[in-house]
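Asker: Sequence:
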Amino acid sequence: MKNKLRRAAMIGLLISVLPAAAGCEAVHTFWGKETAGPSANQAESNGNAQPSPSGAAGQTPAPDRSAAVSSNENTEGPVKAKPVVTPENTYRVNNPTLMGVTLGTPKDEVLNLFGKAKNMFVMDEDPQSVTVYEYGSFSVGFNVFDRLEFVQIQSADIDPGLGGLRLGQTADEATDVLGKPNNRTDYVLAYKAQNTVLKLDLDPDNHTIQSIKLFPSS
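The sequence shown runs -22 to -1, 1 to 196 under mature numbering (1 follows the signal peptide of the UniProt record, and there is no 0).
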């Protein structure tokens, strides 16, 4: 249990510190507070969810990026054009993806798909460190087993593979595309599927999407 809590705090810390290009993200701690409810579009089959190799999420304290070790080294591979998510790799309840990739995907496959990152840093907290690759408009993180731990969208310039939904659109537009969320507040829309959480952070004033994240559920 201590390892799970430590791992959850680590990922929550990491996700919270990544910049949101659409503006200052509203401060709202949602990690580990997904409320059970109807699933998006299609009902998720009971008992058929497969365990995710990427880990679990839980409640986290306020973030502090001082724990990160930044580096421009080891941002592997050639620079590639802006990724395009193919229709077969878009988000679905039975195949939750973001940027066309699923949690638990090997690091080599993800880096081969996205190419050289702009920056890399390691959340240095053994044995549960997470390595983050920043691509400007989105970021990906890998656990100690070199498996994809999270994906975060930080710019409206990128299509995250959510049926055309992007940052800057409204919560109502999101529900039109994704269906009814499992959790909805002035700050968050959250969709649970296959041991993952798709979290859309909202501006509480105008209800527009400020960031989009895919990470493991508890």
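Simulated from the structure, these hints should not be mistaken for laboratory data. Possibly wrong hints are sitting among the right ones.
Dumping the calculated PhoX-like pairs for lysine-lysine here, alpha-carbon to alpha-carbon at most 25 Å [said to hold, decoys possible]:
| id | residue 1 | residue 2 |
| --- | --- | --- |
| 1 | Lys60 | Lys96 |
| 2 | Lys96 | Lys58 |
| 3 | Lys58 | Lys94 |
| 4 | Lys96 | Lys85 |
| 5 | Lys60 | Lys94 |
| 6 | Lys85 | Lys60 |
| 7 | Lys58 | Lys85 |
For each label pair, taking beta carbons as the anchor points, the in silico distance ranges come out as [claimed, not checked]:
| id | residue 1 | residue 2 | range |
| --- | --- | --- | --- |
| 8 | Pro84 | Lys158 | 31 to 39 Å |
| 9 | Pro182 | Asp86 | 21 to 29 Å |
| 10 | Val62 | Asp154 | 30 to 38 Å |
| 11 | Gly142 | His185 | 31 to 39 Å |
| 12 | Gly142 | Thr163 | 19 to 27 Å |
| 13 | Asn97 | Val122 | 14 to 22 Å |
Here a beta-carbon is modelled for each residue, glycine too, at the ideal position from N, C-alpha and C.
Asker: Run every hint past the structure and note whether it holds.
Answerer: We went through each hint and held it up to the structure:
1. For a cut-off of 25 Å, the pair hint linking Lys60 to Lys96 stands: about 13 Å separates their Cα positions.
2. With a CA separation close to 11 Å, the supplied pair Lys96 and Lys58 stays within the 25 Å bound.
3. Our distance criterion of 25 Å between C-alpha atoms is met by Lys58 and Lys94, whose separation comes to about 7 Å.
4. Taken as a hint, the Lys96 and Lys85 pair is honoured in the structure, with Cα atoms around 16 Å apart against an allowance of 25 Å.
5. Distance hint between Lys60 and Lys94 is fulfilled; the C-alpha atoms sit about 11 Å from each other, no more than 25 Å.
6. The straight-line distance between the Cα atoms of Lys85 and Lys60 is roughly 19 Å, inside the 25 Å bound, and the hint therefore holds.
7. Between the alpha carbons of Lys58 and Lys85 the distance comes to roughly 16 Å, so the proposed pair stays at or under 25 Å and holds.
8. At about 33 Å, the beta-carbon gap between Pro84 and Lys158 stays in the expected band of 31 to 39 Å.
9. Against the hinted window of 21 to 29 Å, the Cβ-Cβ separation of Pro182 and Asp86 comes to about 40 Å, which falls outside the hint.
10. For the pair Val62 and Asp154, the supplied restraint of 30 to 38 Å is violated, since their beta-carbon distance comes to about 23 Å.
11. Range check, Gly142 to His185: about 18 Å between beta-carbon atoms, so the 31 to 39 Å window is missed.
12. Distance hint check for Gly142 and Thr163: the Cβ-Cβ separation is about 24 Å, which falls inside the suggested range of 19 to 27 Å.
13. In this structure the hint that Asn97 and Val122 lie 14 to 22 Å apart at CB holds, the actual value being about 20 Å.
When held up to the earlier numbered hints, the structure conflicts with 9, 10 and 11 and fits the remainder.
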